[in-house]
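**Q** If you want the building blocks of each chain, they are given just below.
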Amino acid sequence: MSKAEFAIIGTGEVPCGIYPDRSEFEIAYRVAKLAIADAGIDKNEIGAVLNAAHIMGSEFNTEAFFGRLPEAIGAKNCKIVATTVSGGGSSFSIRKTAEGILHSGETDYVLVIHAQRFSQFAANEQINFFAHAGSDLEWEVPYGMTYNALAAMMTQGYMAYTGTTVEQVASVCVACRKWANLQPNAMFRDKPLTVDDVLKSRMVAYPLTAMMCNVLADGGCAYIMTTAEKAKKVCSRPVYVLGEASDFSHRSIVNLKTKNIDKMYEFYAPVAQKAYERAGLGPKDMDIFEVYGAYPITSLMFLDSLGIVEPGRSGALVESGETSPGGRYPTSTNGEAMSFGHTGTGVGFSVFVEGIRQLQGKAGKAQVDGARFLIEDCGGGAFMDAHFTVLGNEIPNPTL
Amino acid sequence: MITNMNIREILKQKLGCKDEDFDRPMPVPAPWSMPFWDAARKRKLVLKKCTCCGHIDHPPYLYCTSCSEEECEWIEASGKATLYAYAVNVYGVPFAFMEDLPYVLALVDLPEGPRMISNIVGCDPKDLKNGMELKVVFDDVSPEITLPKWKPVSK
Ligand SMILES: [Zn+2]
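Chain order of the listed sequences is G and S. In this text, residue positions in the first sequence follow this note's numbering: the first is 31, and each later residue adds one. In this text, residue positions in the second sequence follow this note's numbering: the first is 8, and each later residue adds one.
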């Protein structure tokens, strides 16, 4: 049975891509205004402004720590500011922070903001950062380890031990691109992509080609969260948080709990199952699967864990087109980091916000007709953790 | 023809890189990991084993991640491992590693329990196979630091 204590009532987003002249401040102020307008509340009702840190560090972080965002937005009755960050898991950890504030009763409205700009950094700064971010400085970086190499190893092992083909891996990129082609804010909204394009692009970290590696970009989004009780009164189509679950595994990939990288579902699936149970729903009830990937292998590992396909067979599922627009299992409907654009801690935010849009019937050309329930996930670091959330625009079995 | 030497010159001219941009990142040992690097310099691969519960931690930490006891011994590993999974970096690496391209990164499984990230050397990447047997080799990358690496056991 779902308790549905919290709900999201509005979202805002700006286009993702390379926009060096658009500062994080501009992104943050813009998405906040859009989310407030979408939620239909007064800015002065917001009692907490939360922000996800820029993982490469910047003046924006310091300013956010010290209250720049509520001041600039004009949130005159803001009581709490906080920055929450846990890499790719930030969208989940910040939501838990928002839930805690709402649960405390201090305010009815929390504004959550993500804004990030990578184009301010030189290519080498980005490469160096992402070598260090995913890898251990003492035990891995001295060997020339990089984030792409980490994903490449996971891909190589997964393919070798499950029999997944490189064409199937490439088909994840293609499915993401088909969704992105329907999304006005996606970085690659105008560029079609084929399996052949993916396989023929430059080899980066075997077996990963350039098109299997995400592109760092500038973007951001925001949403307004409130209690389920309040949402019912002020919003015609709130999206309820029906069930959530989390688990953590490691810092360094060598300490991965499951050991077998073809069996990541042994780590992920029980977490997804717990989220389903807490929502009082199951895989068959889901209309959409808002999967966080960042690399195609991550998408396959998460798909293996959602109860819709035999583990290890997600590549075949994606290749069949069933996760693409029009398929039975709409997956990552904004095109995800691979095609929407990778905004650091923002990948999970953009996937989450897209899920809200879908359940509010505001997803435009990407709209999955009649969507009522979805499962969303995120995780960060070097595959360090996993967080699953079941969302719905109705509360199942509220009388149970 | 582009040689390794002039990759550096090209990058210095085109991107304004300085020589220090090509400095290799070196491990900065913590007090609890120093014995590993001291042994590596002497061409020994050692692992931190808890004297209380017998758990082996790699990477090592201040105290045992299993039972939290601080007393430990450093045992010499067999120097054998198997290749669990690998990647071949060919593009988009930090400047310091551009002259090494292509190079192999791997997850290697030690019979003592730990898994490590390292390089596979002395092998054409095309000949790599999951599960193949490896033996440790030592690469003196600076006067202070020797990196244990792995090469396939020749049949
Ligand atoms: Zn112990």
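Check before you lean on any hint, since a few could be wrong.
Heads up, simulated DMTMM-like pairs for lysine to aspartate or glutamate below, C-alpha to C-alpha not over 25 angstroms straight-line [claimed, not checked]:
#1 Lys293(G) - Asp64(S)
#2 Lys51(S) - Glu77(S)
#3 Lys230(G) - Asp134(S)
#4 Lys56(S) - Glu140(S)
None of these hints come from the bench; they were simulated from the model.
**Q** Look at each hint and say if it fits the structure.
**A** These are the hints, each one checked on the structure:
{"no.": "1", "hint": "Lys293(G) - Asp64(S)", "verdict": "23 angstroms, holds"}
{"no.": "2", "hint": "Lys51(S) - Glu77(S)", "verdict": "23 angstroms, holds"}
{"no.": "3", "hint": "Lys230(G) - Asp134(S)", "verdict": "22 angstroms, holds"}
{"no.": "4", "hint": "Lys56(S) - Glu140(S)", "verdict": "24 angstroms, holds"}
Going through the hint list in order, the structure satisfies each hint without exception.
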